[in-house]
Amino acid sequence: MTSAADTPAPRLSPLHDRHEAAGALFTDFAGWNMPVRYSSDLAEHHAVRTAAGLFDLSHMAEIRVSGPDAPAFLDYALAGMLSAVQLGQAKYSLLLNEAGGIIDDVVVYRLHDNDYLVVANAGNRAAAVSALQERAARFDAAVTDTSDDIALVAVQGPASRAVLEATPGLTGADLGDLRYYRSTTARFQGDPVLIARTGYTGEDGFELYIAADAAAGLWDSLLSAGQASGLVPAGLASRDTLRLEAGMPLYGHELSATTFPAQAGLGRVVNLAKPTDFVGRAASEEGPAADAPVLVGLVAEGRRAGRAGYAVRDDAASTGGTAAEPVGVVTSGALSPTLGHPVMMAYVAPHRAAPGTRVAIDVRGTLIPAEVTRLPFYTRQK
Amino acid sequence: MTDQESLQYTAEHEWVRVDGDTATIGITAYAAEKLGDVVFVDLPAAGTDVTAGTVIGEIESTKSVGEIFAPVDGRVVETNDGVVASPELVNSDPFGAGWLVRVSFTSLPTLLSHSEYAALTAE
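As given, the protein sequences belong to chains D and X, one line each in that order. Position 33 of the first sequence, counted from 1, bears residue number 33 in full-length UniProt numbering, the numbering being contiguous throughout. Position 2 of the second sequence, counted from 1, bears residue number 2 in full-length UniProt numbering, the numbering being contiguous throughout.
Derived by calculation from the structure, the hints in this document are not laboratory data. Just so it is clear, the structure is predicted and the values come from calculations on it, not from any experiment. Mixed in with the good hints there might be a few duds.
Straight line, CA to CA, 20 Å or less: simulated EDC-like cross-link-like pairs of lysine to aspartate or glutamate [what the hints assert, rightly or not]: (1) Lys34/X / Glu58/X; (2) Lys34/X / Glu12/X; (3) Lys34/X / Asp177/D; (4) Lys34/X / Glu98/D; (5) Lys274/D / Glu98/D; (6) Lys34/X / Asp81/X; (7) Lys382/D / Glu98/D; (8) Lys34/X / Asp240/D; (9) Lys274/D / Glu285/D.
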């Protein structure tokens, strides 16, 4: 620990020298210096949709929960019913506060009967660890932040399975039998690796958790084995446009400590049928106010997207009015590389949330017509 | 291929090529790389009067939005329709086919030399 620096030096991934060698441009992400792109955001995006991309996600937080009460503890600490999750199954869940808002969204893997891995966002690592540790006080369960010891790389895209199967040294996994949101343990050159069929891109793909000091070897082997399939390293810029097209929320944009899951379309993640109490239950049962804004997708024509923070206004022409009243705010937006038109996520007033509703986006003073649509914008062919 | 050492530069990461009383303006390779893949370019119409230091257009990439500043006082005499139709030219050829506008000016302010601009971006 150092007390000298007010601004701590950025954290570096165990793969940092690989990214530098590949000529990556870096960005600060939640205190980490991570690759934003290697060559081109668009080329990396298209590679994931048509072949495969390799992401370094070592900034994500891996929190181990183990002990005889681990299942009961997670039922109390999270919005889902983690005691009902099968061995080897993964589940998307939410860490709520007492007011029903979202501290973080997480993916939970059940590794053994009384042993879970909770994967949290890098920016929420401290908040998630401390909330879990506080909530564990009355349970016989240990909450351990193992993030610094574990690297995470993701192979995403239709060629992902072929890439993994062609990777020398990666043994012991039958990927054909590994279903979506399931995980299995394998080995890479003797080191244990947890392979999960999960991701954040809207494509088939895998996430591989491995000891930090073994990550560079795995990265090199995947890249070299994937070359024939069109695998390229992909940065956080493409990860963001990929998840946006897939309609997946990003904490800090679509989710916050004052957002109810129901507003974000995540009501199904809060298990009110669970027989036991959990943090945020009472507030969740009450739910958000009737006029609370709800998350929608917006599509527009042309090439100009509304960005996070831009106002959504009434479409004056379609409502018969003259003033373009504000009815919401954009939380994420980009020109969709796959679809070729702007796509946005936005919180809008409930009476403007029906698909087909015409609205306008205030793009730095210019009103761009847009239409409410169902999420996701993009669904892969299965 | 444009000789980058013969160009002048601004702290807003634009380059200026002076031919007589006309300045051709674009953004530098450094700026283009920082923006990422450019997907939309909004330029002022020919005939627009512009004032040095003010925003005259926008460049959007997949990830962000950059503003185009007028480096000189003057009048827009030509815009690059090619870059409006194919915004990726800003990335592939920022000093050439990715030029943005031509402005006729009456006086030229002091701009940065190539070495001064190189020092600015080396920080």
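Structure-based check of all given hints:
no.	hint	in the structure
1	Lys34/X / Glu58/X	15 Å, holds
2	Lys34/X / Glu12/X	12 Å, holds
3	Lys34/X / Asp177/D	42 Å, violated
4	Lys34/X / Glu98/D	41 Å, violated
5	Lys274/D / Glu98/D	17 Å, holds
6	Lys34/X / Asp81/X	23 Å, violated
7	Lys382/D / Glu98/D	39 Å, violated
8	Lys34/X / Asp240/D	16 Å, holds
9	Lys274/D / Glu285/D	12 Å, holds
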